[in-house]
Structure formats: structure tokens, C-alpha cells
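Trainee: Listed in order, the protein sequences are those of chains L and H. Counting in full-length UniProt numbering, the first sequence runs from 1 upward without gaps. Counting in full-length UniProt numbering, the second sequence runs from 1 upward without gaps.
The set of hints was computed from the structure by calculation and includes no laboratory data. Note that the structure is a prediction, hence the values are computed from the model and not measured. There could be a bad hint or two in this list.
[Claimed, not checked] Pairs of lysine-lysine, DSSO-like flavour, derived with a Cα cap of 27 Å: (1) 35/H x 35/L; (2) 35/L x 221/H; (3) 200/L x 69/H; (4) 203/L x 202/H; (5) 221/H x 69/H; (6) 203/L x 35/H; (7) 204/L x 221/H; (8) 260/H x 202/L; (9) 69/H x 203/L; (10) 202/H x 292/H; (11) 292/H x 19/L; (12) 204/L x 81/H; (13) 19/L x 35/H; (14) 81/H x 69/H; (15) 35/H x 200/L; (16) 81/H x 202/L; (17) 224/H x 204/L.
[What the hints assert, rightly or not] Partial list, computed: chain L residues near chain H (C-beta under 8 Å): (18) 158; (19) 199; (20) 203.
Glycine included, each C-beta is placed from N, C-alpha and C at the ideal position.
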Amino acid sequence: MAALRVLVGVKRVIDFAVKVRVMPGGQGVQTEGVKHSMNPFCEIALEEAVRLRERGGAAEVIAAAVGTSKCQETLRTALAMGADRAVLAEVAAGAEVGPREVAAVLAELARKHRADLVLLGKQAIDDDCNQTGQMVAALLDWPQGTFASQLELEEGGAAVRVQREVDGGLETLRLRLPAVVTADLRLNEPRYATLPNIMKAKKKPLEVVAAAELGGAPNPRLKVLGVSEPPGRQGGVRVDDVPALVAQLRQSGCV
Amino acid sequence: SCTRAAQAQQDGVAAAAVLSLPQPHTSAGLTEEQKEFQKVALDFAAKEMAPHMAEWDEKEIFPVETMRKAAQLGFGGIYVKPDVGGSGLSRLDTSIIFEALSTGCTSTTAYMSIHNMCAWMIDTFGNEEQRHRFCPSLCSMEKFASYCLTEPGSGSDAASLLTSAKRKGDTYVLNGSKAFISGGGDTDVYVVMCRTGGPGPKGISCVVLEKGTPGLSFGKKEKKVGWNSQPTRAVIFEDCVVPVGNRLGAEGQGFNIAMKGLNGGRINIASCSLGAAHASVLLAQEHLTVRKQFGEPLASNQYLQFRLAEMATRLVAARLMVRNAARALQDGREDAAVLCSMAKLFATDECFAVCNQALQMHGGYGYLKDYAVQQFVRDIRVHQILEGTNEVMRMIVARNLLQG
Numbered sequence: 001m002a003a004l005r006v007l008v009g010v011k012r013v014i015d016f017a018v019k020v021r022v023m024p025g026g027q028g029v030q031t032e033g034v035k036h037s038m039n040p041f042c043e044i045a046l047e048e049a050v051r052l053r054e055r056g057g058a059a060e061v062i063a064a065a066v067g068t069s070k071c072q073e074t075l076r077t078a079l080a081m082g083a084d085r086a087v088l089a090e091v092a093a094g095a096e097v098g099p100r101e102v103a104a105v106l107a108e109l110a111r112k113h114r115a116d117l118v119l120l121g122k123q124a125i126d127d128d129c130n131q132t133g134q135m136v137a138a139l140l141d142w143p144q145g146t147f148a149s150q151l152e153l154e155e156g157g158a159a160v161r162v163q164r165e166v167d168g169g170l171e172t173l174r175l176r177l178p179a180v181v182t183a184d185l186r187l188n189e190p191r192y193a194t195l196p197n198i199m200k201a202k203k204k205p206l207e208v209v210a211a212a213e214l215g216g217a218p219n220p221r222l223k224v225l226g227v228s229e230p231p232g233r234q235g236g237v238r239v240d241d242v243p244a245l246v247a248q249l250r251q252s253g254c255v
Numbered sequence: 001s002c003t004r005a006a007q008a009q010q011d012g013v014a015a016a017a018v019l020s021l022p023q024p025h026t027s028a029g030l031t032e033e034q035k036e037f038q039k040v041a042l043d044f045a046a047k048e049m050a051p052h053m054a055e056w057d058e059k060e061i062f063p064v065e066t067m068r069k070a071a072q073l074g075f076g077g078i079y080v081k082p083d084v085g086g087s088g089l090s091r092l093d094t095s096i097i098f099e100a101l102s103t104g105c106t107s108t109t110a111y112m113s114i115h116n117m118c119a120w121m122i123d124t125f126g127n128e129e130q131r132h133r134f135c136p137s138l139c140s141m142e143k144f145a146s147y148c149l150t151e152p153g154s155g156s157d158a159a160s161l162l163t164s165a166k167r168k169g170d171t172y173v174l175n176g177s178k179a180f181i182s183g184g185g186d187t188d189v190y191v192v193m194c195r196t197g198g199p200g201p202k203g204i205s206c207v208v209l210e211k212g213t214p215g216l217s218f219g220k221k222e223k224k225v226g227w228n229s230q231p232t233r234a235v236i237f238e239d240c241v242v243p244v245g246n247r248l249g250a251e252g253q254g255f256n257i258a259m260k261g262l263n264g265g266r267i268n269i270a271s272c273s274l275g276a277a278h279a280s281v282l283l284a285q286e287h288l289t290v291r292k293q294f295g296e297p298l299a300s301n302q303y304l305q306f307r308l309a310e311m312a313t314r315l316v317a318a319r320l321m322v323r324n325a326a327r328a329l330q331d332g333r334e335d336a337a338v339l340c341s342m343a344k345l346f347a348t349d350e351c352f353a354v355c356n357q358a359l360q361m362h363g364g365y366g367y368l369k370d371y372a373v374q375q376f377v378r379d380i381r382v383h384q385i386l387e388g389t390n391e392v393m394r395m396i397v398a399r400n401l402l403q404g
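Throw the hints in and build the complete structure from the sequences for me.
Mentor: Written out as C-alpha cells, the structure is:
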């Protein structure tokens, strides 16, 4: 029976519920003292990996993150949700790390741990790049199934069927393993970590390695010129009756 | 998570998402593990409880399925030993968890804390047979528990209780009634303090019995100002026969068991007050930034800024009292019981004032049931009364100070 090794990339991002504030100077957003959590799409990817293991398809789930040492808390959450072990590819505080560096690290970890499947969230909610999964597949020369809303391991464990949400509807691909899959919203509903699992997570291995050793040395080629809030809401115009409304709509080109 | 929040927001409770954010001072001094516990509890509260708290209050729904979901995460027997299905956590871990859950629904969390207290009493004072008979299904919340001490004639003077348990062969025959029992009539397992011996505390024993026992019946469901997601009824014993094997500990040990249960119970109830106050401060904060009068957001008004600052300060002070008491209890310190009484007194009083102030800051909106703040006020009002009135808390502290 299949004994797949699954590598799951997880990213520590500002929590979705936080009201993000632009820093004075417009060079970025405030992250100091702001609540961070695991990227929601990464949670979904991790949940899928853990379910694969619970169904007997996978033997081991390895969670990986690229970032500062604060990412260890995200990896602990991954362990509490069911990952077997975790790896942090550490960079110095303030270092700029983008999809290319992360993809290089994940590809190296996939080789090192002989992963059969790399599962990632489709994108992170802070930068919305939607690039890392695709880049990992390119670096490894593996097939990719992005925006997955369903993932099935074939009998024999040599391939997966990925149902993707695409503009035209749903598309199903068959990918021979090893492969890269990125998770979309409807793939699953992630579990809560249970108290016993949080306690067990303490004993699971969490390895910290310098990102440079895994090919992920920061090498920023993009420069952020400015960050600003979207323009404030403009006041509307009151009209007296429906004909006036229709006239307004016609006038402004909406109809 | 994004998916859960999307749904919560669709339910029209944008505040729920805000509530899942711990402010820095709620996590101060906690271990990484405790922060994880807090995170799970806050997420659960925001997604599974907050969107429903108003409905549970209005329709008086006892949210069995939600509580069972919580039990699956380990919240059914938080400080019960793992060998009988508990999570084996400390009193401080427990306080953090109840405080977090309470931001979602204080009334339901308060009931869960009572359930946890009963499970602990059986775990701690029961023999192996009793522990294995009762605790696993309590920890999973397959069955729910109630704590039966108060009677129509004995509230603060708990040791004067009259429910009798007359020995007859290898059974006790119970006669009497209990009042104000949380969960009464809907719960399955009743931990009852009854008189097996002479007057006073030393004549009291503790027995466990289950719904369906002949002679066990319930009064009408009480109509309450708050705590409406848990039913409250009188519990009536009429020649109710209970095997001697259902007695926890020794004859005459019952009052001691009841009081030991209450030490933890007081920390738990105080923790529920903390959660309500925390949620109320966040709601007030939100309202002050959004509501405008005299051409400015309310938050520009120095009086309101100062009041908010006072509320936050009182909340932090109350939290420190509660966590300090929790640490003392789990460390087995001599002064633990007194610290628990002080913490319960201080936190329930302060947090009620904080919630009430938060309601005031909402102006007229604060009085509408569409806004959650009034429910936090109504739900925690009773925390100053039960598990020992705040007057009894003063008695305990004074006696401790003056006896030396």
C-alpha cells in the first residue's frame, strides 16, 4: 500500500481578522505586536495532508516554513494539527524572502526528504502572489495541480486526481507522483487542534536550519516603492425618484 | 481561519472575528503551549459560539452539540486525569481556556465549567470503579453533569443543608430538594451533597446519581435574567434510592469535597467573567471608533478615553488575581483557598463593572438585544452571587485574616 511522504509548506502571515495599518512612511504595513497566524490556505493544505495520512495513503507529513524564528509558533500549530515533524528554514529578522526563495527551499526539502507530494496553499493572504507552488513544480520538474478543490490518491499510490476550480468551472487532472498540489478554499475545512494534540506536538521534532543551506538565501530583486491604503469611500448622490436614478445611471455610463 | 470567519461574518457577526484576536496582555507570561490552548479556545469561541450566543439566550437553547464539539477538543474534562478521558491540564491552563471560551458565550462556558468541576470531583475523590464508570462519558460530554449543593433553605449557609440520605442496607434513601441547579433536568449525572450524619458540615456526604433513578424529579425551568443557554431547575428527591457504591469518598467527607470543588469552580467562574469583560472592552473599543457625535468619533473624547483606559486596567488587574489564584491552587499552596475567594470576589465585581461601563459607552444601542454587550452584562451578573456569594468570599478572607 502507498506510504507517501508529504511535504506541506506553511506561511506565517498577519491574521485575517486584523485591521492592517500602513506604517508611517508608506514602506510597508505594521507587523510589530500584530497577531499572526498560519495562512488559511496553508491550513487547508495541512489538513488535506493529515487526512491523507489518516486514510492510510500517506506515511508521514512534514511541515516546513521559511522565515524568522517566530515561524516556530506556526510550525507548532502545524504539529498540533497532525504533522509528524517540522522544519524551519530560518532567515534573519528583516530579511526579505519571496516566492522564489521559498520555492528553492521547498524543492530542496522535497529532494532531501524524498517527498512524493508537495502540498501548499494556493496563495498567501498577505502578498497574494500565487507563485510558490508553481515555482516548486518548475524547479523539481514535477507536474502541478493548482487551485485544488478535491484531491484523491489513486489505488496503488502512483498518481493523484486533482479537481481544480478554474474560470470555466471544474477541471480534473491526473498527475503522476511525485507532484505539487496547491489548495483552494473548498478543498476541506481544517480541524481545530485538540488539547491532547497540542501537548503531543511539544514532543514532535522541529528542526531549525539556515535557509541559505537549503538554497533559500534572501536575494530580493523586487523593491517596494510604496504602500498606501485604498482611497476612502466617496459620498454618493441622492436622487428624488426612479426616473432620476435611471437618468443618473445612464449619464455616468453604468447603463 | 479564513473559511470559518467567512461564515461567521455571513451570520452578521463581524465582531466574532475581532474577538478571536487576543490582545497582547492576555497572552503575557504564558508558555507557548498555553498560547496554543488559548488560540484554539478563542477560535472555537469565535466560530462555534459567538454567532449563536444571542439565539441561545433568546430561545433558551442548551447547546448540547456545540458543547460536545468542544469536548472533542478536550474541553469536557480539562483538569481531569487522562486515564479516564481528561486532558490532564493545570488550573492555570483551565483558567486561560475558560476565559477564551467565555468571549464566545459566557453562559455556555460557565455551564461547561460546572460540568468540569463535577467531573474533577469524581476523578479526585471517587475510587477507581467510580472514576472509570463516570468520568469517560463526562469528559466526552456524552453525559452532562450538575452540582447539587444549594437548597431552598440553605444557600450561603450551605452546611445547614437538609437533604437526608438514610442508610438502608447497602443503599442510601434520599429525601429533600436542591434549588437553582444549573443544568438540572437536562443533565444526566448529579453530584449531590446530602446529610448522612449529624448536623453541620461533618454530617454531609457526597453521592452521585443519574437521571432516571426512581424518586428523582425536577422542578419547573426557572426564568432568568441571564445564563439562559443553561436550564436551571430544582432537583427533588422522594425516597430516591442510591447504592452506597455511588458515594464519593467517606461518609462525612462530602462538605470537604464540595468546598474543594468550589475552589476551582471559583477560579473558573472568575475566568468566565474575565472573558466577558474582555469581549465587552473590545466591543466598546470598536464602538468608540465608529460612532460619531459632535462631529467626531467618540474615541476623540478624553472622558471616554480615560474610562476605556480604566476598564482595561481593571481587567488586567482582575486577570492577574485570577491567574495568581490558579497558580496557587495547582501548586497546592496553603493560601490557595483564600486566594481563590479573593480572586472570585475581585474579578467578578470588577468585570461586571467593566461590562456595565461598556454597555454605557454604547449609549442607547447598548440596551438593544441586537448588540452583544447587554448579554455579557446579564450573563455575568450572577457570577457575583453563585459559587459562594461575594459576601461569603469576604467571610472566608476575613476569617483567614483574623483567626491567626
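Trainee: Would you mind marking each hint as holding or not holding in the structure?
Mentor: Consistency of the hints with the structure:
Taken as a hint, the residue 35/H and residue 35/L pair is honoured in the structure, with Cα atoms around 12 Å apart against an allowance of 27 Å. Restraint check: the Cα-Cα separation between residue 35/L and residue 221/H comes to about 43 Å, which exceeds 27 Å; the hinted pair is violated. Note on residue 200/L and residue 69/H: the hinted pairing holds, with a Cα-Cα distance of about 20 Å set against a maximum of 27 Å. Among the hinted pairs, residue 203/L with residue 202/H is inconsistent with the structure: their alpha-carbon atoms are about 46 Å apart, more than 27 Å.
Taking the CA atoms of residue 221/H and residue 69/H, the gap is near 25 Å; set against the 27 Å cutoff, the hint holds. Of the pairs offered as hints, the one joining residue 203/L and residue 35/H holds, with about 17 Å between alpha carbons and a cut-off of 27 Å not exceeded. Distance hint between residue 204/L and residue 221/H is unfulfilled; the C-alpha atoms sit about 49 Å from each other, more than 27 Å. Under the criterion of a C-alpha separation no larger than 27 Å, the hint pairing residue 260/H with residue 202/L is inconsistent with the structure, at around 31 Å.
Taking the CA atoms of residue 69/H and residue 203/L, the gap is near 25 Å; set against the 27 Å cutoff, the hint holds. At roughly 61 Å between alpha-carbon atoms, residue 202/H and residue 292/H are farther apart than 27 Å, so this suggested pair is violated. Our distance criterion of 27 Å between C-alpha atoms is met by residue 292/H and residue 19/L, whose separation comes to about 20 Å. A hinted pair counts as satisfied when its Cα atoms are at most 27 Å apart, and residue 204/L with residue 81/H qualifies at roughly 22 Å.
Proximity of residue 19/L to residue 35/H is assessed by CA-CA distance (about 21 Å); at most 27 Å being required, the pair is judged to hold. Between residue 81/H and residue 69/H the CA atoms are separated by roughly 20 Å; this keeps the pair inside 27 Å, and the hint holds. Our distance criterion of 27 Å between C-alpha atoms is met by residue 35/H and residue 200/L, whose separation comes to about 15 Å. A threshold of 27 Å between alpha carbons decides the hint, and for residue 81/H with residue 202/L the separation of about 19 Å falls inside it, so the pair holds.
The suggested pairing of residue 224/H with residue 204/L is violated, with an alpha-carbon distance near 48 Å, which exceeds 27 Å. Interface restraint check for residue 158/L: the shortest CB-CB distance to chain H comes to about 31 Å, outside 8 Å, so the restraint is violated. For the restraint placing residue 199/L at the interface with chain H, the shortest Cβ-Cβ distance is roughly 7 Å, inside the 8 Å limit, so the hint holds. At a threshold of 8 Å, the smallest CB-CB gap from residue 203/L to chain H is about 11 Å, leaving the interface hint violated.
Consistency with the previously given hints fails for numbers 2, 4, 7, 8, 10, 17, 18, 20, ordered from lowest to highest.
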